[in-house]
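Asker: Given these sequences and hints, build the entire structure.
Okay, here's what each chain looks like letter by letter:
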Amino acid sequence: MRHLLDICDFSEVELNELIATAEDIIVNPAKYSEKCKGKKLATLFFESSTRTRLSFEAAMYELGGHVLGFSSASSSSTTKGESVGDTIRVTGYYADIIAMRHPYAGAPLAAIQKTKVPIINAGDGEHCHPTQTLADLLTIHREKGTLENLTIGLCGDLKYGRTVHSLIAAMARYKGTKFIFISPNELKIPDYIKKTTLKTTNTPWEETDSIEDAIPKLDILYMTRVQGERFLDKAEYERLKNSYIISTDKLQTAKSDLAILHPLPRVNEISVKVDDDPRACYFKQVENGKYIRMALILKLLNEKNYESPISQNKKLINVYKCTNHNCITTITQEIDQIFEVLDEEQGIYCCEYCKKCEVKI
Amino acid sequence: MRHLLDICDFSEVELNELIATAEDIIVNPAKYSEKCKGKKLATLFFESSTRTRLSFEAAMYELGGHVLGFSSASSSSTTKGESVGDTIRVTGYYADIIAMRHPYAGAPLAAIQKTKVPIINAGDGEHCHPTQTLADLLTIHREKGTLENLTIGLCGDLKYGRTVHSLIAAMARYKGTKFIFISPNELKIPDYIKKTTLKTTNTPWEETDSIEDAIPKLDILYMTRVQGERFLDKAEYERLKNSYIISTDKLQTAKSDLAILHPLPRVNEISVKVDDDPRACYFKQVENGKYIRMALILKLLNEKNYESPISQNKKLINVYKCTNHNCITTITQEIDQIFEVLDEEQGIYCCEYCKKCEVKI
Amino acid sequence: MRHLLDICDFSEVELNELIATAEDIIVNPAKYSEKCKGKKLATLFFESSTRTRLSFEAAMYELGGHVLGFSSASSSSTTKGESVGDTIRVTGYYADIIAMRHPYAGAPLAAIQKTKVPIINAGDGEHCHPTQTLADLLTIHREKGTLENLTIGLCGDLKYGRTVHSLIAAMARYKGTKFIFISPNELKIPDYIKKTTLKTTNTPWEETDSIEDAIPKLDILYMTRVQGERFLDKAEYERLKNSYIISTDKLQTAKSDLAILHPLPRVNEISVKVDDDPRACYFKQVENGKYIRMALILKLLNEKNYESPISQNKKLINVYKCTNHNCITTITQEIDQIFEVLDEEQGIYCCEYCKKCEVKI
Numbered sequence: 450m451r452h453l454l455d456i457c458d459f460s461e462v463e464l465n466e467l468i469a470t471a472e473d474i475i476v477n478p479a480k481y482s483e484k485c486k487g488k489k490l491a492t493l494f495f496e497s498s499t500r501t502r503l504s505f506e507a508a509m510y511e512l513g514g515h516v517l518g519f520s521s522a523s524s525s526s527t528t529k530g531e532s533v534g535d536t537i538r539v540t541g542y543y544a545d546i547i548a549m550r551h552p553y554a555g556a557p558l559a560a561i562q563k564t565k566v567p568i569i570n571a572g573d574g575e576h577c578h579p580t581q582t583l584a585d586l587l588t589i590h591r592e593k594g595t596l597e598n599l600t601i602g603l604c605g606d607l608k609y610g611r612t613v614h615s616l617i618a619a620m621a622r623y624k625g626t627k628f629i630f631i632s633p634n635e636l637k638i639p640d641y642i643k644k645t646t647l648k649t650t651n652t653p654w655e656e657t658d659s660i661e662d663a664i665p666k667l668d669i670l671y672m673t674r675v676q677g678e679r680f681l682d683k684a685e686y687e688r689l690k691n692s693y694i695i696s697t698d699k700l701q702t703a704k705s706d707l708a709i710l711h712p713l714p715r716v717n718e719i720s721v722k723v724d725d726d727p728r729a730c731y732f733k734q735v736e737n738g739k740y741i742r743m744a745l746i747l748k749l750l751n752e753k754n755y756e757s758p759i760s761q762n763k764k765l766i767n768v769y770k771c772t773n774h775n776c777i778t779t780i781t782q783e784i785d786q787i788f789e790v791l792d793e794e795q796g797i798y799c800c801e802y803c804k805k806c807e808v809k810i
Numbered sequence: 450m451r452h453l454l455d456i457c458d459f460s461e462v463e464l465n466e467l468i469a470t471a472e473d474i475i476v477n478p479a480k481y482s483e484k485c486k487g488k489k490l491a492t493l494f495f496e497s498s499t500r501t502r503l504s505f506e507a508a509m510y511e512l513g514g515h516v517l518g519f520s521s522a523s524s525s526s527t528t529k530g531e532s533v534g535d536t537i538r539v540t541g542y543y544a545d546i547i548a549m550r551h552p553y554a555g556a557p558l559a560a561i562q563k564t565k566v567p568i569i570n571a572g573d574g575e576h577c578h579p580t581q582t583l584a585d586l587l588t589i590h591r592e593k594g595t596l597e598n599l600t601i602g603l604c605g606d607l608k609y610g611r612t613v614h615s616l617i618a619a620m621a622r623y624k625g626t627k628f629i630f631i632s633p634n635e636l637k638i639p640d641y642i643k644k645t646t647l648k649t650t651n652t653p654w655e656e657t658d659s660i661e662d663a664i665p666k667l668d669i670l671y672m673t674r675v676q677g678e679r680f681l682d683k684a685e686y687e688r689l690k691n692s693y694i695i696s697t698d699k700l701q702t703a704k705s706d707l708a709i710l711h712p713l714p715r716v717n718e719i720s721v722k723v724d725d726d727p728r729a730c731y732f733k734q735v736e737n738g739k740y741i742r743m744a745l746i747l748k749l750l751n752e753k754n755y756e757s758p759i760s761q762n763k764k765l766i767n768v769y770k771c772t773n774h775n776c777i778t779t780i781t782q783e784i785d786q787i788f789e790v791l792d793e794e795q796g797i798y799c800c801e802y803c804k805k806c807e808v809k810i
Numbered sequence: 450m451r452h453l454l455d456i457c458d459f460s461e462v463e464l465n466e467l468i469a470t471a472e473d474i475i476v477n478p479a480k481y482s483e484k485c486k487g488k489k490l491a492t493l494f495f496e497s498s499t500r501t502r503l504s505f506e507a508a509m510y511e512l513g514g515h516v517l518g519f520s521s522a523s524s525s526s527t528t529k530g531e532s533v534g535d536t537i538r539v540t541g542y543y544a545d546i547i548a549m550r551h552p553y554a555g556a557p558l559a560a561i562q563k564t565k566v567p568i569i570n571a572g573d574g575e576h577c578h579p580t581q582t583l584a585d586l587l588t589i590h591r592e593k594g595t596l597e598n599l600t601i602g603l604c605g606d607l608k609y610g611r612t613v614h615s616l617i618a619a620m621a622r623y624k625g626t627k628f629i630f631i632s633p634n635e636l637k638i639p640d641y642i643k644k645t646t647l648k649t650t651n652t653p654w655e656e657t658d659s660i661e662d663a664i665p666k667l668d669i670l671y672m673t674r675v676q677g678e679r680f681l682d683k684a685e686y687e688r689l690k691n692s693y694i695i696s697t698d699k700l701q702t703a704k705s706d707l708a709i710l711h712p713l714p715r716v717n718e719i720s721v722k723v724d725d726d727p728r729a730c731y732f733k734q735v736e737n738g739k740y741i742r743m744a745l746i747l748k749l750l751n752e753k754n755y756e757s758p759i760s761q762n763k764k765l766i767n768v769y770k771c772t773n774h775n776c777i778t779t780i781t782q783e784i785d786q787i788f789e790v791l792d793e794e795q796g797i798y799c800c801e802y803c804k805k806c807e808v809k810i
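Chains as they are written, first to last, in the numbering used here: chain A, 450 to 810; chain B, 450 to 810; chain C, 450 to 810.
The set of hints was computed from the structure by calculation and includes no laboratory data. One or more of the hints may lead you astray.
Because identical chains share one entry, a pair is satisfied inside a single copy or across any pair of copies.
For lysine-lysine, the following DSS-like pairs were computed, each having C-alpha atoms within a straight-line distance of at most 25 Å [unchecked claim]:
#, residue 1, residue 2
1, 648, 486
2, 733, 480
3, 733, 563
4, 748, 733
Answerer: Structure follows, in structure tokens:
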């Protein structure tokens, strides 16, 4: 069986195939309108989201299928103390495929240990949000005709922004990618991303706190929201939230074929006046999100017999306990604690669920 | 493209056509059961409602379509600070038509500035609720065989009741309409309705605080709930809420073909014993609500190429700022403030979103 | 018209027919996939539940029908003071059949007085939850090939557990049933069950506080959750909640063909390690729940012309007022207070809604 937990679960070839399917759906929607007849998608949103949930629902309807689920944890049995593993296993008797969003990192990894149906990670706490990245990739491909040789500026909250981290992981695999990281000092890209993804792929990058300096060099500008709910210190949030705003003025030095992306929702980081600029692609991204999710649902339902290659990484089972308060293992009883080697030489392992908690042996 | 924001968006001819379509649906449901095959309705309820939301859902299913959406603001991205305009624009990529309810007046007017699909106002704060009025009109037409020459009593909360205001606006356009307004002094019909709608249409009206006096004269009795959520002073609410209750006793002097309507939900303003009286039409109204919404969905989907006539009214753009705390403009950044002429001679303009805030130039 | 309010609404013959239909659906799903084409199920959940609601939704989709409704009272008009009777009557214009869950006992009995469509009780406060019992019966039948001559252990919260009470009522009617009640003293089975159901059916039973003693004798072990939300005293809950836990160790003395059931959700009363034991049937129960609900929906939709036999029991209408604070009559105005004879000789009557409040005449 096949799941999508992290964008890196798919190879570059697979990503290209997904994009090709989505582009075929856009051209020939009728060909796909009954592909999921009689199938059911469960949207289990333990944390609310308009865009992602409605996008999955629209995708399933356009494939001719049904949708069931819940839109907040308070409408689920979680309030009665049920583990996410049990909720997912149960839902597997009601649906053929599950898209889940959860406030805790690694919840989908806990879920696939129990499920009999494919799981799609629709966002897991601070960890990642791979279907947003799929929408980003389809948008870049449709706008640029390629995923290669692009200079990509990422702006805003690069520290906490999970869509940023996933997009880096995905684009670093493509030939000729160059990143420019634009953020205030407090929200800089984490060091581990530089040390792992960027280093192993030899991807060049620059860092700056000035949108103005960066903008003329960019093929893609990926804006993100400074998310209030990720800050412990509300005063710091108030000080920073308006730092990085895109206006029509700032775009005057940009390339004429720049593509501006944003995972949405936005608050005020892009002026609504920019919406009418042909370089604004964030609403196209929304539409692309629906099409790539259609392609994803089809792929996962078609790969029921897929056998995951056994990971060659060294693992420690129930030796260390994760200390990240956002990790699913901290709220679930009777779950295996799994640490995977991160750096063999230095003896560093990290929690396989949240990828945050590290131990040195 | 065509929207329904206010009952006055439709001409008398259009209202009659809608009623005719609904009556045809009632007689020939099978003819319509696949009319919306493959189409999607989004029900975006930023404020909860059972009746209206389920009525739209049932309507879309009986047309063979799909439904997606949310049933409260807490399940939407609004909690992340997204503007209603963005939410609506995004939803336009997932659905072919949108029915929205919002706690702020004028939210649908903000929405149509961004949308690529038809918008139906399913209730916007203190402003209006036109699909309830459509249900009222269909019910009156089915019970009386006409919309002309009727004496209509409106009882209860005539000050805040948006369904009352919309029904007055609609029925004042029909020949021979006469209104009797029945309410305690504190909840009387607002003066501006007398000065505008009733004056320009030359519709006769009476005002009384006695149900007993009014009831023998009526063809239609439109009861409304004294709504707790509209009162700032809870003590005043407690004192007034039981003032105007319909019982089997009070109906003894009524005409034998009186039709009693109520937008529901009721609390205790109509005794349940009245439910068995053949003059009780409020549950028929519920069923009619579904049929007229089917007719409305069909009409709006068929008028994708409709071009709104350009309003000849004078407008002031971004000159004055609306001060009505229930107006959508007070919570939305980067929205045009639009004031429209209300009284040319006296130089009075009012906010086009909420129709409440007035300025004199 | 036919409803399902209590498992005892169906005769033994009818239960056997439902089970037979469900087993036919399992073998021939395609035969049933369009049986409810164009029909609508309303799921009105005034109290939230993942499993039961999603099970009904999946059931209706697998019959080819539509689903609408709400998943919590806050998304309904109940917050505006509407009675459950009105909400149900209104929903009858939108749906062909209604499954409702309500926090107050007897709410479905209040509902059927107003409805024009069949009502399924999907759980009413402390009262009962008959569709869970249907899932239990189908599971027992599929595992054992019969519903006769079985020794059934019921473990955990036997005082408040409504699924336990319903299962006793159902299985007591089958030949050769024997019960073993396993619970701490504080959560023992109520006396009235011994005095009524068990006495009138002559069903043998034992009582113990030791799982270990009971387990070797059992064909069926029915575990239940000690439910925090049913306790007024939270300290008592904390002390008792871990008393009765099933582990792989405790199963060593059990029969090799024991079937372990649990209505779910579980917290920790069954170790997840037991999930891999072939005797664990609680996830099969989940799947069976979907199939038996399909059979139930079909049965009720097919019996629109059924006339309920007039009860020969003596009733007192509006003589006594129910004092059970969980009874629907305590929150609904203008509802008939109905007390039915429980024990003719002793002159005991009980509230027909909640079956809890008794009076002696």
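Asker: Work down the list of hints and note, for each, if the structure agrees.
Answerer: Hints, verified against the model:
no.: 1; hint: 648 with 486; result: neither (45 Å within a copy, 52 Å between copies)
no.: 2; hint: 733 with 480; result: within (22 Å within a copy, 37 Å between copies)
no.: 3; hint: 733 with 563; result: between (36 Å within a copy, 14 Å between copies)
no.: 4; hint: 748 with 733; result: within (23 Å within a copy, 28 Å between copies)
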